[in-house]
Every structure is written in structure tokens, then in C-alpha cells.
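Residue numbers (our numbering), protein chains in the order written: chain X, 1 to 388; chain V, 1 to 388.
What the simulated footprint calls covered on chain X by chain V, stretch by stretch (three residues with Cβ under 8 Å from a Cβ of chain V suffice, anywhere in the stretch; the number is not a length):
| # | segment |
| --- | --- |
| 1 | 97-109 |
| 2 | 118-128 |
Have a look at the derived ranges for each label pair, beta carbon to beta carbon:
| # | chain 1 | residue 1 | chain 2 | residue 2 | range |
| --- | --- | --- | --- | --- | --- |
| 3 | X | Lys-48 | V | Tyr-26 | 29 to 39 Å |
| 4 | V | Ala-45 | X | Arg-30 | 19 to 29 Å |
| 5 | X | Glu-233 | V | Val-267 | 35 to 45 Å |
| 6 | V | Ser-232 | X | Ser-362 | 28 to 38 Å |
| 7 | X | Ser-32 | V | Gln-66 | 46 to 56 Å |
| 8 | V | Glu-238 | X | Ala-127 | 20 to 30 Å |
| 9 | V | Lys-48 | X | Lys-63 | 18 to 28 Å |
| 10 | X | Ala-127 | V | Lys-155 | 21 to 31 Å |
None of these hints come from the bench; they were simulated from the model.
Ideal Cβ positions, reconstructed from N, Cα and C, are used throughout, including at glycine.
There are 2 protein chains.
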Amino acid sequence: MAVYNPKWLTLTIAFAVATLSASTVYFWRRKSKDGEEARIQGLEASLKNALEKCAAERQGRIKAQQALRKALVQQNSESYELSSYPMAPIAVIQSCFSTRNGTPRQPLLVPLARARLKFDAARVPSASLEGLERYSHCWILYVFHLNTDLEKLWKHPSQSKFKAKVRVPRLKGERIGVFATRSPHRPCPIGLTVAKVDSVEGQTVLLSGVDLVDGTPVLDVKPYLPYCDSVSEAAVPEWVKADNLLAVASINFSRGFSDGLADCWPVVEKRSLYTSQHEFEGLIKQVLSWDIRSVSQRSRPHNSITRTGIDSINDTAAKLEDHEDDEISGQGGGGESISSDDVIYHLILEGLDVSYRIDCDSNVIVEKASLCLSQNETTNRISVHDSV
Amino acid sequence: MAVYNPKWLTLTIAFAVATLSASTVYFWRRKSKDGEEARIQGLEASLKNALEKCAAERQGRIKAQQALRKALVQQNSESYELSSYPMAPIAVIQSCFSTRNGTPRQPLLVPLARARLKFDAARVPSASLEGLERYSHCWILYVFHLNTDLEKLWKHPSQSKFKAKVRVPRLKGERIGVFATRSPHRPCPIGLTVAKVDSVEGQTVLLSGVDLVDGTPVLDVKPYLPYCDSVSEAAVPEWVKADNLLAVASINFSRGFSDGLADCWPVVEKRSLYTSQHEFEGLIKQVLSWDIRSVSQRSRPHNSITRTGIDSINDTAAKLEDHEDDEISGQGGGGESISSDDVIYHLILEGLDVSYRIDCDSNVIVEKASLCLSQNETTNRISVHDSV
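Could you build the full structure based on these sequences and the hints that come with them?
This is how it looks when you write it as C-alpha cells:
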């Protein structure tokens, strides 16, 4: 028996096994750790990305907000200075014509057509109007605020497109250049009209013979100087000369009209431009003494939609307006058919709905006057009737 | 010797050591893993936070950019719509009157006074002018661009202050409301004048009888409709009726005038509104047939500053202009004294400096025409002469 020593053998074997076990566990755990390290690296990379992106978004937000502030505060004044002049209205028209429907096609046509020019008191001191009452007439420069495409004024004003030619009914639908008309749809939607100066009281100017619709913003008022402004010999094309104004044959009020008006009158009286119901009736008579219907309505009055109610009025007017081009201002009366022979037309004056009939011989019967159902209704009428 | 078995002992010890080692390694690694797991959890939490923050910043950025777009496109239309309308000129006047000095006080006064209306080709197609040639006259709505306080238009346009009353020379310095005058200094600096339509060629309209200065921005052109625009019976105050136009007694050209003009003519001919030197002389004659001097100059022509040169002209004109209020447009001729009896006045037409004398009997001698020293000189004359 010899060299073999069981104790050393035991130790050796124990050591080997221990090492083997430890190694196995080690490497098993390590492999696991590698996976986690990869995961950690992945997470760290994602986090880094997310933080960078966050910083970029934040930069973008800050820039946008700064630019927004600048735009709101300075109103991009440099580009404006070169391309457009901001014109702020100095007054608003308070007119007897609540909607374009019925508003005369030319100034001074309806002498009883009145308006108040209400100046912005904060901006226009009454002293600036002193002396205006010494003139019999004045020019009103106003904004065609009912143009449905008005908002494009603010989108690159110097690049806004507009229709080069407009249709002229009197030329049987032929088109001519917009600058050869007084159409509202022009690059700078500024209207020009003359009115009679009745009186000047503080910050209010009373006008008559107006052809402006209620709510019209006014940019300027100038005295009318005949030696500058009146060119009676000015020549115009034949089709302009052709009389677009048709006088009706007769006007009469229905039997119950005055009583009906008397019921409404107390409501409108306070703000009215007219001192009495009688004077108001005078206005109605003057307005309706000209056939204010559109060309289409005149030729086919009984082809209106048979539905009754405001909607049909709006639809009809809108359809007709689509084919109507106004040289001076909008026209066209809303029509409502109640039978195959009679068409009732409506006209809104000082917020009162005045209905009338007109027969094929151009005899007008003014039916009744009633309060408009609601303020909204008046607004709706404005927006639909007046869109071109 | 007995029960003790060395093989089993060996195995047991080996197993125990192995287990111990493995466990040690295991728990050591596990502790390490816990640390990494915590780290991973931390990273995941951070990543989640970062992504949420990123999303929030992105939302903020998008909102700010949308608001910015809205502000730039609509130009804060809510406040603008209520406070001002941006009007972008459609054309520029190229007029024979290089400065306000000499520009007529009223339209159609000088039939040979010509201008080209040059439309912005990018914005105004020539089709939009078709038919305008069929009218003999048209309205020009323009900007009083020479107003020195024009920049206030862009600073809170709806709140800009303006002088309520202006001085009127014909009323011996008395002041009346600005809206009772045609003064350029109004809240919305829009001018209104009529001109004769000579021809329409593509994007250019040739006008005559103009009272507009070169470079005037034009907002609108409208056909003149006598049945709308002519109110010959319009009444004005007495002081307006009083004749502000003084015809001179006679006009003659100096001996060397035509030769002197012939020297300059080739330079201006190309852009000239006049077909010949002779026609241009006709313009000069018409312009000077009205005494275009200011009221002060008329009464005290020999009290001009004795210094010669452009500066004295500017000083004199500015001093005089200070006391001058124009109902229609600027006036006042620059005067330069060369002796105690003679005053030489200057007038810039089509960039040519036309000098003339006028004696106390209102006889005019047109001395000579020469090229302006420089373009700058013409500009300087405009900015000083025309400031009020």
C-alpha cells in the first residue's frame, strides 16, 4: 500500500467539483447578465433618444411661441408697410335698410332713405366734424363688408386673387373688366357713394338719399365739391345709359296696413330714423316706387319655389343673386309664392318685415309690416341675401 | 477500523463544497442582478417619463404652430376685422408732376397733365381693365403716401390720433373740422380724385387732367357715372366758393428756353408721357397759367431768404408749407431770390427742373429747363416740399 492518500484525493475531487459548479453557475448567470446588459444598453439608448427628441420638441415649441407673440404684437408690420395699408373704420352706418335687399341701386334715388353715421367716439372727436353741416352733400368711402370672400384680405393682401371680369346683366350676361364696373368684388373692397347731409350733431351725422346697408363700416367722409367732383358731361357706354330703373305703375297700401304698422311702431320707434309712422310709410312708398326685384324675378315672378317660409325666401334670393351682378349695389327681393298667381315679396326696413305684392302690370300692394321674428333672422337674411 | 468509509466521505465533502460554491456564486450574482434590475427599472421609468414629456412638448409645439399660422393667415382677424382692413395698392401713378410743388389743386384743371396708371401685373390681369376705355372719366382712390405721419397707421390703427381741425388759409387761418375739408391728414389717408381716361393698353391706363404726384399708390379705379357721381347743384360754404385759383396775366418763354430744353429732352424722352418737346412746353404753359405759388409767396415774393441754392428753396417752401393747408392737394412753389426784385421759382416736371419768374403784375417768364442734379435731389425736394 503505498503512495495513494485518500485525504488528498478527497480534497482534490472536492475542489474540482466546487470549481466546476461555481463555474457553471457563473457562466449561466453571466449569460443572463449579458442579456440584461443588452437590455440596459437598449434602454439607455432609447432614453437618450427620447431626451434629445424632447429637447427638440421643446425648442420647436419655444420658437413657435416666440413667433406667435411677435406676430400678435407687431402684426408683421414690415411686410404690411410694403404691401398694404391698414385702414381702420372711423364710423358705422346705421341705415334704414336692414339688408341689401331693397337697398337702392344708386345714391339719392330714395330721398327719404336715411342713415346715421355713428363715429367711434374714442377715436373721432366731434370737433373733426365741425363745418361739415355747411355742405349739402358728402362722399362716403366704405368697406364692402358683406363680401363673402372678405377674409382673404388678411391672407397675403398683396397677392390675393380676384375675378378679373364680372357678369353684367344689362349686357345679357356678357362679362367686362371689374374696373369698368362698380362691383363690390374688387381687390380693395372700398365703396364710394354720395349722400345728402341733413345735420351734424356731435359725433353723429344724419344723412339722406343713402344707398348703404345697415352696419356698413365707413373709412372716410369727404365734403362734396362740385367744382372737383361733378363732371356732368362724362361719357359712359351705351349699356350703362340704358335705364336699369323701372318705375312701378302704382303703389297702394292694403286696408289693414297702417293698423298693423301701428302695432309694431312702438317697438322700433325709439331707434327709428323716422319721427312718425307716417314718415316711415313715406319711405316704403319711395323704396317700392322702383321695381327692386332682380331681373329674373321680374321676368318669371311666378316661378318662385312654392314652399313658404323664410328658407324659401333665402333660397330664392340666393339662387337669383348667383346670376345677378350689381353695378352699384345688391338688389333682388326675396319672393314667396302663396298661390300660382300671387307672389309675396319681403323687404326689411329698420328691422320691420314689409311684405308686398306686385302684379304683372307693375301695380304694388303693400300688404303688411311686422316685426322680424328674431334678430337672428335679420342676420340670416343679411348673410344669405347679400352673398354674391 | 470499522464503519468509516473514505469514498462516501469524499463524495459528501465534495457535494457540500460544490453546493457551497455554487450558492456563493449564485447569491453573489443575484445580488448583482438585483442591482441591475433596479437599474433597468429606473431606466424604464425614466424612458417612460421622457416619452410622456416628449409627447407633451410636441403637443405644445403643434398648438403654438397652429396658433401662429392662424395669426399670420388671419392676422388676428378678430381684432383686425374689428379694427382695420389691410388695403394693398393695385397700381402706382407715374405722373408728370415729380413733386407736389406744382401739382394742381384740383383735377381736370390742367388738361395736359398726364399720368400712367401702372398696374401690378402679378396681381391685376389686363382683363380686369377691359371696358374701362369706354368711359370718359374715372375715379382714382389713392393713398396720401407723402403724409409724414403715415407710419402711425401700423401702430394700433384703430387708436391712432389725428388732428381734429385743420387750418384753412381762405378762412384767414381759422380752423375747421378735418372732415369738412379734403385735407390729406385724415384717419384713413385715402384720396379721391377724378381723371380723364385717354386710353387703356394692356396693364396701363393713360390719364389726363390729373392732380396726382408721381409715385402715388392707387387702391382702386372706378368708372365715373354721372347719374351717380355728379351732383352739380351741391351747395358748399361761401369760403369754398371763393376763387382760390388765380389765373396769371401772361406766360412767355425766355429766348433760350427751347434750346435749353432740347438739350435735356433726349434724356427724358424715353419715359416721357409727352410725344414731343413742344407738347411738354404746352404742359408747362398750362401748369403755370395758374399761379401755383402759396398764399404767403404771392403776398411777399421778395421776402424769400437771400441764400441761393436748393437749401434755401427747401427752407422757404417748408416754412411756407407750415402755414399752408390744402383743401385738395399740396401747392406752393419753391422760391429762390437772386436779387431784391426777382425771385426765381422752380417746378419739377418729369424730372426736369423748370425755373420761372413772376412779376408783381402776374406775368410769368419761363426761364429754363434743366435736368435735376440727381435723383436724390428730386427725392429730397419731394420729402421737404411735401411735408405738412
